[in-house]
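J.: What follows is the residue order along each chain.
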Amino acid sequence: MSAEEKTLVDRCRQGEDDAWRELVDRFGQKVYSVAYHFTLNREDAEELSQEIFLKTFENLHRYDGSFPLVAWLLSISRNLCIDRYRRKKREKSFRFVSDDAVAPLLKSTDDPAAEALKKERTKLLFSAIAEIPEDLAEILVLRDLDGLAYDEIGKMLELPDGTVKSRLFRARAEVARRIRERHERRGSAGAFQTLALAAGGVL
Amino acid sequence: MSCGELERLFLAGASPEAVRRHAGGCATCARLNADLESTAEMSAGLVLPPLAASLRKSLLEIPRRTVSCDGAERLLPFAVEGEIGADDERRLASHLSRCAACAEAAETLLGSRDLAQPIAPPWLAARLTAARPAKERGLWAWILDPKAVIAVAYAAALLVMLLGFNPADLARRVRSGQIGENTRAAVTVAESSLTDRVGALQEKIARTFAIWKGRAGGYGRAAVSNAMMFLWKSSTTKERGGERSRNRDGRGAFKGTEMTNTSWRA
Ligand SMILES: [Zn+2]
Ligand SMILES: [Zn+2]
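Protein sequences appear in the order of chains A and B. With the working numbering applied, the first sequence covers 87 to 289. With the working numbering applied, the second sequence covers 581 to 846.
Among the hints, a few may not be true.
[As the list claims (entries may be wrong)] Negatives, chain B to chain A, calculated, CB over 10 angstroms:
no., residue
1, R601
2, G625
3, R645
[Unchecked claim] Footprint (simulated), chain A over chain B, 3 or more residues, beta carbon under 8 angstroms:
no., region
4, 594-600
5, 617-623
6, 627-637
These are computed hints drawn from the structure, not numbers from a lab. Fair warning: this is a prediction, and the values are worked out from it, not measured in the lab. Note that the Cβ used here is the ideal one computed from N, Cα and C, for glycine as well.
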């Protein structure tokens, strides 16, 4: 697999347009997804993807085929993603995820009520991810949202599989707990509203 | 929170059944497991954000917007000579803005170009004007000469020394792959001849500097670098003597003058 990828990279280095197109088509979607999940903004994600592929092209000579190309590609650009993520996290808006931010991540359905619920849940998920420590969040994003394999994540972040897995577990537990707590808060706020309404009705 | 068993089971790669079996008999884990399952369901229901056709198109054009490090090394010598097309120049600039290693190589090359055109102190300039005019030759034609390669390597090594680095430090950086292939080759030449020649060279600098200092007072570092440039220029001029007419390329003559041994050596 990696030998085949090395050949592809060598062909790109020799300036073969077909080879570069193959590389873009094989990894463009994946890179864009990762960039999107880290930024939750189309413009930023596109800019980041460009930057990642520019770097990839410029560093093709460094690829020796000893690891999956996708992990190599993402490891080149990990700093870019993390940098952008930190900058985004400093912006307050990041924790209050907008409808637009999650729209590209939702399957369209015929059921507007179900869609609205899904949208709320997804916004909740992303704001919970933004609250947990960065080293946990990035693993959860890469595994659960981008579907990378453990060894791909391990190679990208230079971590042993065991560490990847234990961080992933902690990340999931933290996110899950936060989501439940929000539900509970909302639930009690909802109950309070109902009560206030009922009281209003009486008065 | 949890009793820790869920994490242990997860790390061990246990089946969902095994996880549920434990959660069934452990209240804290039951709650955590329910939270985990609902969160997993949430993220599993998402789709990947679609890659826009316009972005794909722009990614496909990247090979026309920049160059690889190999490409930069091929283009750099032409850029230094000013013999580079506008497209290539833009691609190279784009690469140098992002690649520290190539930017460093470029700086070294440009640095040696600046050294090749030392600014003479006024008293020397007067002597140079009086010196016999040189035949026009391409500023960079000498780079084709194998002896000149060593001279360039000297110049690079000198530049480095004058800036306060030592050759070992440079050599280490060369080995650690921070410098591009071509620069590496040039510096390897410098390194091999450096070891046995650097002593002699330093002695030469010291002697020349002493003479200059005696004549013109302290010119400091600039004077040393000028002195060294004249030193090696004049010695290659001397060695190449009659070959000079071979350099046919008429552009960028060396300030209209060229030193001979006698013109500057006191
Ligand atoms: Zn338990
Ligand atoms: Zn480079």
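J.: Each hint should be assessed against the structure and marked as holding or not.
T.: These are the hints, each one checked on the structure:
no.: 1; hint: R601; result: 18 angstroms, holds
no.: 2; hint: G625; result: 7 angstroms, violated
no.: 3; hint: R645; result: 7 angstroms, violated
no.: 4; hint: 594-600; result: violated (count 0)
no.: 5; hint: 617-623; result: holds (count 5)
no.: 6; hint: 627-637; result: holds (count 8)
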